[in-house]
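Same order as they appear, the protein sequences are chains A and B. Its first residue numbered 3, the first sequence is counted upward by one per residue in our numbering. Its first residue numbered 1498, the second sequence is counted upward by one per residue in our numbering.
The reader is advised that the hints may include incorrect statements.
Have a look at the derived ranges for each label pair, beta carbon to beta carbon [to be verified]:
1) 104(A) - 1581(B): 43 to 53 Å
2) 56(A) - 1698(B): 32 to 42 Å
3) 1649(B) - 131(A): 51 to 61 Å
In silico DMTMM-like pairs for lysine to aspartate or glutamate, Cα to Cα no more than 25 Å straight-line [said to hold, decoys possible]:
4) 1670(B) - 142(A)
5) 278(A) - 1635(B)
6) 152(A) - 1635(B)
7) 1670(B) - 223(A)
8) 1641(B) - 1693(B)
9) 205(A) - 279(A)
10) 1618(B) - 1693(B)
11) 278(A) - 1709(B)
12) 152(A) - 7(A)
13) 1670(B) - 96(A)
14) 1536(B) - 1635(B)
15) 152(A) - 1636(B)
Note that these hints are calculated values from the structure, not bench results. These numbers were taken from a predicted model, which means no experiment stands behind them. Positions of the beta carbon are idealized from the N, C-alpha and C atoms, including for glycine.
What follows is the residue order along each chain.
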Amino acid sequence: MNFQDKSLVYLLCGLFGLLLIASILGYLIALVKGNTPVVANLNARIRAWWMMCILSVMAMWFGPVGSTLLFAVMSFLALRECITLTPTRRGDHEALFWCFFIMLPLQYLLVGERWYGTFAIFIPVYAFLFIPTRMALAGDTVNFLERSAKIQWSMMLAVYCISHAPALLMLNIPGYENQNIKLLLFLMIVVQISDVLQYVFGKLFGKRPIAPRLSPNKTLEGFAGGILSATLVGTLLWWITPFAPWQAALISLVITLLGFAGGLCMSAIKRDRGVKDFGAMIEGHGGMMDRIDSLCFAAPVFFHLIRFYFT
Amino acid sequence: MEPRTKLPLDGRLVAGFLVRLCRLLTGVRARWLAPLPEKQARIYYANHSSHLDGMVIWASLPGHLRPQVRPVAAADYWLSSKLRRYIARRVFNAVLIKRRPAEKQSEQPNNALELMNDPLKKGQSLIIFPEGTRGNGEEISAFKSGIWHLAKMNPDVELVPVYLENLNRVLPKGSRLVVPILCSATFGEPVESIREGEEKAEFLLRARAALETLAP
Chain A
3 MNFQDKSLVY
13 LLCGLFGLLL
23 IASILGYLIA
33 LVKGNTPVVA
43 NLNARIRAWW
53 MMCILSVMAM
63 WFGPVGSTLL
73 FAVMSFLALR
83 ECITLTPTRR
93 GDHEALFWCF
103 FIMLPLQYLL
113 VGERWYGTFA
123 IFIPVYAFLF
133 IPTRMALAGD
143 TVNFLERSAK
153 IQWSMMLAVY
163 CISHAPALLM
173 LNIPGYENQN
183 IKLLLFLMIV
193 VQISDVLQYV
203 FGKLFGKRPI
213 APRLSPNKTL
223 EGFAGGILSA
233 TLVGTLLWWI
243 TPFAPWQAAL
253 ISLVITLLGF
263 AGGLCMSAIK
273 RDRGVKDFGA
283 MIEGHGGMMD
293 RIDSLCFAAP
303 VFFHLIRFYF
313 T
Chain B
1498 MEPRTKLPLD
1508 GRLVAGFLVR
1518 LCRLLTGVRA
1528 RWLAPLPEKQ
1538 ARIYYANHSS
1548 HLDGMVIWAS
1558 LPGHLRPQVR
1568 PVAAADYWLS
1578 SKLRRYIARR
1588 VFNAVLIKRR
1598 PAEKQSEQPN
1608 NALELMNDPL
1618 KKGQSLIIFP
1628 EGTRGNGEEI
1638 SAFKSGIWHL
1648 AKMNPDVELV
1658 PVYLENLNRV
1668 LPKGSRLVVP
1678 ILCSATFGEP
1688 VESIREGEEK
1698 AEFLLRARAA
1708 LETLAP
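Use the sequences and the hints to build the structure in full.
Structure representation (structure tokens):
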């Protein structure tokens, strides 16, 4: 992380300033409304945001290696939650070992080595073919197709999709050299703030649920308010990116919509498995996967949009 | 109750490391359905599907209780290499029991029971796996009679069922590969000790049923 870069310093000041405002607001709401479960959860979420932002900035401090490691750990935790939720059998055990300890580190090694060609196909081609092969060798045919698909999809979401976020650091954007970390921050901020704003608008004005069977908390009002305001935030952040303001607006709209799609699909998975959250490691938020579900869908498309139009 | 046993320093350091590693890999969460009294000898009995089971229960207990809790483990496995011997003896202070096929029972009839009974008399607690061997993690097999004898000899000792979930997916029977999967340990209410005129088979079924109800 390069602190000579003024815009980066402004961005971080803005980010932590926002958190400070959120903490003060949360405190005031608790004073006025009393510590109801919703308010307690709100404040737990804000505290967790502090932790997540501080941890992320500390990791990014160590440059591309730190950022890549940060996302590798996030992938590991998310994959662990996905696999825990999937009823695997003894015959999957060896394939799972490969997923966690060989393929996941390899994918992030490819990110670190900036080896785009292999990075882009390693999991969708090689891992997708290897996983069922290893499972077939274990000799258990019960629900074979279903079991291999579940593991493949867990790898896709938790490892492949997420690895596109630190992969932003490998792009060479003319006139934007050594500033890619801001692009990564842009993606994270827009996607996560869209989640937050959808939650806030939903809590304030939410009436008509979009998919009541998937999630009662996702309402039309929350969706519209969240997406539009997050797009506005993204547009106003154009100065940290290589984009013109209108490009920043369009890209923000695309990634917030994708973030919504990600959250919706993960909700479907959770409802199907009969759980509320993927895990319980982040106070107030649930598990790692609950926090990065929207990033899963937004990161790969963001990466490819930039790679196609800006490099 | 006294004197309290203390583990050697190296044992405690290794134990701390193993507990952390275990938590990192399995993210194990302990759920307590009943409050735990501080100074009381208890028998924690659990379903068995993995070599990690004993360590997970041990890691779920509060740190200050751990030195007083002794896992019961199979001598043939835990004495078979230098590292295992070290872990069993110096780190977990395990009670090592010789598992013998049925026909040899007459030779050393009650040695195993004596070994397990000893710590209870000193006010220490035990971790036992009454199935006697690791299962496939899907169902709990019939209990061996050790727990009945222990309960009979120590009517004041509380019997606490502990249901372990997902350990068979972390390190199943027949594999040496550890896969990180989130696990949980549910500590239930102590089961009532042997009732007036209760038969062995009845008691074993009752203890097993108490464990089964903890399964999610």
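Against the structure, the hints come out as follows:
1. 104(A) - 1581(B): 43 to 53 Å: Between residue 104(A) and residue 1581(B), where Cβ atoms are some 26 Å apart, the hint is violated.
2. 56(A) - 1698(B): 32 to 42 Å: For residue 56(A) and residue 1698(B) the Cβ distance comes to about 59 Å; the hint is violated.
3. 1649(B) - 131(A): 51 to 61 Å: 58 Å, holds
4. 1670(B) - 142(A): 16 Å, holds
5. 278(A) - 1635(B): At roughly 24 Å apart (the allowed maximum being 25 Å), residue 1635(B) and residue 278(A) satisfy the hint.
6. 152(A) - 1635(B): Answer holds: residue 152(A) to residue 1635(B) is near 20 Å, not above 25 Å.
7. 1670(B) - 223(A): 52 Å, violated
8. 1641(B) - 1693(B): 21 Å, holds
9. 205(A) - 279(A): OK: residue 205(A) and residue 279(A) at ~19 Å, within 25 Å.
10. 1618(B) - 1693(B): Answer holds: residue 1618(B) to residue 1693(B) is near 23 Å, not above 25 Å.
11. 278(A) - 1709(B): At roughly 24 Å apart (the allowed maximum being 25 Å), residue 1709(B) and residue 278(A) satisfy the hint.
12. 152(A) - 7(A): Distance of about 43 Å is beyond 25 Å: violated.
13. 1670(B) - 96(A): 13 Å, holds
14. 1536(B) - 1635(B): Violated - the C-alpha atoms of residue 1635(B) and residue 1536(B) are around 34 Å apart, more than 25 Å.
15. 152(A) - 1636(B): 24 Å, holds
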